[in-house]
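*Asks:* Chain by chain, the residues:
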Amino acid sequence: MSTQQYTIVGTRPIRHDGADKVTGRAQYGADFQMAGLLFGHVLRSPHAHARIKRIDTSKAEKFPGVKAVLTAADFPPTPERMVDLGEGDTPLSYARGNVLAGGKALYRGHAVAAVAAVNAHVAEEAAGLIEVEYEVLPAAVDLAAAISPGAPLLYDDVPNNLCCNWSG
Amino acid sequence: MHAKVRVQTTINGDQTEFLCEPRQSLLECLRDVLGLTGTKEGCNDGNCGACTVMLDDRVVTSCLVLGVEAEGARITTIEGISKGNELHPLQRSFLENAALQCGICTPGFIVAAKALLDHEPNPTEDQIRLWLANNLCRCTGYDKIIHAVQQAAAHSQEVRA
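Sequences listed follow chains Z and S, in order.
First residue of the first sequence: 201, per our numbering; consecutive thereafter.
First residue of the second sequence: 612, per our numbering; consecutive thereafter.
Derived by calculation from the structure, the hints in this document are not laboratory data.
All C-beta atoms, glycine included, are put in the ideal place defined by N, C-alpha and C.
Incorrect hints may appear among the rest.
[Claimed, not checked] The calculated lysine-lysine pairs, modelled on DSBU-like cross-linking and capped at a C-alpha distance of 30 Å, are: (1) Z:K304 to Z:K259; (2) Z:K304 to Z:K253; (3) Z:K304 to Z:K262; (4) Z:K304 to Z:K267; (5) Z:K253 to Z:K267; (6) S:K694 to S:K755; (7) S:K615 to Z:K262; (8) S:K615 to Z:K259; (9) S:K615 to Z:K267.
[Unchecked claim] Label pairs and their in silico Cβ distance ranges: (10) Z:R212 to S:A765: 51 to 57 Å; (11) Z:P246 to S:V770: 33 to 39 Å; (12) Z:A268 to S:H730: 20 to 26 Å; (13) Z:K267 to S:Q619: 49 to 55 Å; (14) Z:G265 to S:Q619: 37 to 43 Å; (15) S:A614 to Z:G350: 54 to 60 Å; (16) Z:A273 to S:H730: 55 to 61 Å; (17) S:R669 to Z:D357: 55 to 61 Å; (18) S:V616 to Z:N298: 38 to 44 Å; (19) S:C713 to Z:R212: 35 to 41 Å; (20) S:H730 to Z:Q227: 56 to 62 Å; (21) S:G752 to Z:P277: 38 to 44 Å; (22) S:H730 to Z:K267: 45 to 51 Å; (23) S:N655 to Z:M282: 37 to 43 Å.
All chains, please: the whole structure from these sequences, using the hints.
*Replies:* Written out as C-alpha cells, the structure is:
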C-alpha cells in the first residue's frame with residue numbers, strides 16, 4: 201500500500217457547500233421565484249387501461265388564474281421515426297404518447313392533461329374541473345399476464361405485448 | 612382565488628406580518644410569501660420531516676400547519692438557529708461529521724435535534740433515534756446524523772461543565 205501523503209485524498213475536508221446547507225442559505229432550484237412564474241399540475245389516469253372517449257377542458261380553461269391547459273390533441277402530428285432519448289431508440293410516437301396519453305391511457309397514472317396556472321392550488325383545482333370520459337378496458341398488470349395468449353393489447357401493432365426478443 | 616388573511620406572528624425573534632390565503636400551509640407562507648427558503652418541502656404530507664419548524668415550543672411539520680395558525684405564535688426556522696455568523700453546535704457537528712450530502716433534509720433534522728437537546732441535553736442514542744424518527748434522509752444515512760447529535764450534546768455538556 202502506498203504511504204504517499206496527498207493534500208486532499210485521505211483527508212476529511214468540510215464540504216464546501218456545507219455551511220450554506222446547515223444554515224438554510226443554500227439556494228436550490230425550487231427556492232427561486234421569478235416574475236410570471238407558473239405552476240403546473242398533471243391530471244392522470246385512474247385506470248390501468250382505458251380508452252379516452254372525450255376530454256372537456258373548457259371549465260378548467262375558464263378558471264381564474266389558469267394560463268394554459270394541454271392534452272395530446274394540442275401536439276402536432278408526429279412523424280414515424282426512431283429517436284434516441286437517452287435510453288436507446290424509441291419510436292417518436294411512443295415517446296409522445298408517454299408525455300400525454302392520446303387515444304388510450306396505458307397505465308394507472310398515465311398523464312392525460314396538464315394545467316399551467318398562477319399558483320399550485322389554482323392549477324390543482326382547475327385540473328379537477330377537467331372532464332374525462334373513459335371506457336375502461338381489461339388490463340394485464342404483471343409480465344406473465346401481459347404475454348399470455350389472449351392478453352389485452354396495449355398497442356394494436358405490437359402482438360402479444362412483446363417489445364422485442366433478446367437472446368445473448 | 613380566495614381573500615387573503617393578515618397574520619401577525621414572530622419568526623426567528625422578529626415580529627412579522629404577512630398575507631396568505633386561508634388554505635396556504637405555513638410551509639408555503641415561509642417559503643413563497645416570506646422568502647425563508649431554508650425550510651424545505653419534501654413530501655408535503657407530513658411524512659418526511661424536511662419542513663420541520665418550531666411552533667411555540669412544539670416541533671411541527673410546517674406542511675401540515677396552516678399559515679393562519681401562526682397568528683400570535685413564535686416560529687423558529689433553520690434561519691433562526693445560528694447566532695449571526697456563529698454556527699450552533701449542531702450545525703458545526705453536522706459539518707464535522709459529514710452528516711449531510713444534498714442537504715434537503717438537513718434543516719429539518721437540525722431544527723428537530725435542537726428541540727431534543729433543549730429538552731434533554733444528554734440524550735441516549737435510542738432517544739436520539741426515536742426523536743429523529745420523523746425525519747427521513749435519502750443520501751447520508753442515519754448513523755452520521757446520530758453521531759453529529761451525540762457530538763453536539765457532548766460539546767454542550769463540556770461548555771456547561
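*Asks:* Taken at face value, is the distance from the CA of Z:K267 to the CA of Z:K304 at most 30 Å?
*Replies:* Holds. Z:K304 to Z:K267 sits at ~26 Å (cutoff 30 Å).
*Asks:* Just to be sure I understand the hint, the distance between the Cβ atoms of Z:G265 and S:Q619 should be within 37 to 43 Å; is that true here?
*Replies:* Since Z:G265 and S:Q619 have Cβ atoms about 27 Å apart, the given range 37 to 43 Å is violated.
*Asks:* Taking the beta carbons of S:H730 and Z:Q227, is their distance inside 56 to 62 Å?
*Replies:* violated, 32 Å
*Asks:* Between Z:K267 and S:Q619, is the Cβ distance one that fits in 49 to 55 Å?
*Replies:* violated, 33 Å
*Asks:* Would the pair Z:K304 and Z:K259 pass a check requiring their Cα atoms to be no farther apart than 30 Å?
*Replies:* holds, 22 Å
*Asks:* Between the alpha carbons of S:K615 and Z:K267, is the straight-line distance 30 Å or under?
*Replies:* Holds: S:K615 and Z:K267 sit about 21 Å apart, inside 30 Å.
*Asks:* Can you confirm whether the C-alpha distance between S:K615 and Z:K259 stays at or below 30 Å?
*Replies:* holds, 24 Å
*Asks:* Does the alpha-carbon distance linking S:K615 and Z:K262 stay inside the 30 Å limit?
*Replies:* With Cα atoms ~22 Å apart, S:K615 and Z:K262 stay inside 30 Å; holds.
*Asks:* Mind checking the alpha carbons of Z:K304 and Z:K262 for me, to see if they're no more than 30 Å apart?
*Replies:* holds, 26 Å
*Asks:* Honestly, do S:H730 and Z:K267 meet the 45 to 51 Å range at C-beta?
*Replies:* holds, 47 Å
*Asks:* If I claimed the Cβ atoms of S:N655 and Z:M282 lie 37 to 43 Å apart, would that claim hold in this structure?
*Replies:* Taking Cβ atoms as reference, S:N655 and Z:M282 lie about 38 Å apart, which means the hint holds.
*Asks:* Hey, Z:K253 versus Z:K267, does the alpha-carbon distance stay inside 30 Å?
*Replies:* Holds. Z:K253 to Z:K267 sits at ~25 Å (cutoff 30 Å).
Violated hints, listed in ascending order, are 10, 11, 12, 13, 14, 19, 20, 21; each of the other numbered hints is respected by the structure.
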